[in-house]
Amino acid sequence: MNLLEMRGIVKSFPGVQALKSVDFDVRRGEVHALVGENGAGKSTLMKILSGVYQADAGEIIFKGQPVVFRTPRQAQDAGIVTIYQELNQVPYLSVTENIFLGSEWTRNGLLDWPAMHQEARRLLAKLHLDIDPRAPLYTLGVGQQQMVEVAKALHQKADLIIMDEPTSALSVREIEDLFAIIAELKAEGVAIIYISHHLEETFAISDRTTVLRDGRKVATRPSSELTVEQLIRLMVGRDLAEQFPKEIAPRGKEMLRVEGLRRDGKLHDISFSVHAGEILGIAGLVGAGRTELVRAIFGADPIDGGRIFVEGKEVRIRNPRDAVRHGIALLTEDRKTQGLVLLMSVRDNITLASLDRLTRGLFTSAAKEQELSNGFIQSLAIKTPNQQQLVMNLSGGNQQKIVLAKWLATHPKVLIFDEPTRGIDVGAKVEIYRLMNELARRGVAILMVSSELPEVLGMSDRIMVIHEGRVAGFLNRDEANQERIMELATGMAASEIEQSKLFEASIHE
Amino acid sequence: MSETTIPAPRERNEAMEALRRALAATGPLLVLLLLILILWILSPPFRSPTSLMLLALEAAAIGVVAAGQTFVILTGGIDLSVEAMVSFAGVTAAILIAGTNIAGGQIAFGIADWQAVLIAITAGLAIGMFQGLIITGMNMNPLIVTLGFRSMLLGVSLVWTRGAGINIQKGPFLNFVTSTVDLFGLRVPMPFIIVLGIYFLLWIVLKHTKFGRYTYAIGGNETATRLSGINVDRVKVFIYGISGLLAAIGGILVMARLQSGAYQNGTNMTLISVAAVVIGGTALSGGVGGIWGTLIGVFIIRVVEAGLVYMSVPSNAKEIVIGAIIVLAVALDVIRRGDVKWLRFRRART
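Residue numbers (this note's numbering), protein chains in the order written: chain F, 1 to 509; chain Z, 510 to 859.
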């Protein structure tokens, strides 16, 4: 009998149907990988399972009983524990306190510390962790913090543990430890739903794999019967060429040049240039300084040194207003918190950055605003009932197009995309890529920060790789591949060069 | 994309949304009319034109103050200094007109009342902008900054008056300000006409100028607004300036009516202004709302107050009711946002 069965799960949000009748099941003692592109519905499905969201339709049967979880607490009490991507812990509390948060043991109405510490020690030992349970959590490494989450799941006697991108912050060594523990948990009959973008991991650890695409289940197969190529085809549903409709635009004059840009502790001596019609991809690991770099260029963060040239002329950029005036635009990585005013209408968002030109005397001109936003709604194919619709009611793809429209209205010379397709469904991604092509053809210089290597490889003319706040190297479109980017991004290449230099030096002596 | 849009539930959402919006827009007005109707039925003295005019007069000063508060709250801030500004502006103008402080010491020869008023409201604007400068420049919490200024302004008013009122003789300008105008046989108080004029002007600013749009945008998402290349700090400095200016004008209206500048002139006006803004449909978190709702909010509070008088509730008990209205208004704001779990019946959004 299956430990968990989810049948016909439907969930919609305003403007988007996130899940369209999904079936999903998990057996006891099984590691079940859940894969799919961003926006495929993985997180939504798991949030329904863990009580964060409620399904619009469908049923969940857990341990043979139909269940409805209205809160995460109810799911936890039933034995379903989620280990979230962004750790869900209190850094200034001790390991024990974090493990027991919400389920503290008491004696005579007071907290029973000796017993709790002892239990914490037992759980940590089980995970082969040599940590003092009294230590504040923030003193531990990220990998150990993650293990504390696992300990917490064990403490809650979880029958089913959901791991959402558990390895995103872990070193290779820590990943091995985690896998060993997953194997032990499995042997004890605990089931694990494992969500990851890293397909090698899901192959290494999982018994079965379920693929979601556009809110539907595409397949559930034993992992051993799948190949990476098959899996990617199932996830994407089309070839790479269709997925990234790259067109090479003629390369024009230099639009942006950055020389020796510094921000103490974050960015060190960064120099590069972008030409009209060119898409320069910026790759690097999380925390390498990619977002910091584009924010510094845009004037959103202060810089400690360096020069910026637009069309060959040096410009001073002290704040975003200066950047906009010089023709630079930034589509931030998080459009909801940094790109849009969700409570305002489509029209008001599109015109927000260019109201200066949409006035008649002292007053804003409704006619000019309407004309401008109508133009973009048509040319970018923004799906909205009307201009007055609140932006919060639109889907991620349409929201992203509205941010793009806002910037296009300022006639930018340099357009910076930070994670341009995050949280957007596959069809809308392709539309965004086509718009990038179109802009490049019209002579805009494009900078594109992205964590998704296929996207960087698929759309860039040139790729700049950042490692620990420095430029680790440039790769041309025809010489770039995942391995070379990763070499530069992890600093392996640099250290090799370093060593070969030392070697040469020793020879000369 | 097209396959992910689902027409049926969405249309229902939109119909609900439209209904909700219509209710939000007309709700306060309906409440006001209902309250007036109840009072009309229960209390014969209320039925006279005089009492209606008195209501309008009562609403004037707090109406101006609440208008400024609306701007501040729309940006997601709050101005707790307004009641002190009402007192301070009244005291300042009164001292300048009377040419004396309470000790009877001649500090200057009295100046014309319009000059005194101009100086007082300019001071209000300047002090408001100064608060805005501190809030934006030092990135300080508006709650604390304006609370501090409340204390300072009240303190200054107290020192200058030694705790008593400065009585004045009205000059031609203040006589005009406190006069009445005959409209269709009703004697409409001039302060109320001034208030309507100010509200109309502010409505134009909010609806049809960049400044107004940025006010909403900052309240809706300050980061996104800043990253759109807008000088958010400058807008906010002017927002607090407008609040200071309008509170000072409110202070002049109170002072002219009482013919006295005293440090108690503004008592309770901060809380009432915030309550009026929220009752009028502006979200305490900013970004949503409007100016006319605030005027209705002011009237709702004033009608309730008047009702207490007409129903012979002892005036000492008034505070209890006002306090309850304020708490209810904030509860309304939270409910409107859908943040109350046990009140959230099957909402579409999560």
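Hints are supplied without guarantee of correctness; some may be wrong.
[Stated by the list, open to error] Taking beta-carbon pairs under 10 Å as the criterion, some of the chain Z residues facing chain F (in silico): (1) 722; (2) 738; (3) 796; (4) 799.
[Said to hold, decoys possible] Straight-line C-alpha distance at most 20 Å; calculated EDC-like pairs for lysine to aspartate or glutamate: (5) Z/719 with F/184; (6) F/336 with Z/731; (7) Z/716 with F/371.
Hints listed in this document are in silico derivations from the structure and should not be mistaken for laboratory results.
The C-beta atom is built at its ideal place from N, Cα and C for all residues, glycine as well.
Hint check:
With its C-beta approaching chain F no nearer than about 6 Å, residue 722 of chain Z sits inside the 10 Å limit, and its interface hint holds. With 10 Å as the threshold, the beta carbon of residue 738 of chain Z comes within range of chain F, its nearest partner Cβ sitting at about 3 Å, so the hint holds. Of the supplied interface hints, the one on residue 796 of chain Z holds, with its beta-carbon coming within about 5 Å of a beta-carbon of chain F, less than 10 Å. For residue 799 of chain Z, the suggested interface contact is broken, since its CB lies about 13 Å from the closest CB of chain F, more than 10 Å.
Among the hinted pairs, residue 719 of chain Z with residue 184 of chain F is inconsistent with the structure: their alpha-carbon atoms are about 62 Å apart, more than 20 Å. Annotation: proposed proximity of residue 336 of chain F to residue 731 of chain Z holds, straight-line Cα distance about 12 Å (limit 20 Å). Under the criterion of a C-alpha separation no larger than 20 Å, the hint pairing residue 716 of chain Z with residue 371 of chain F is consistent with the structure, at around 18 Å.
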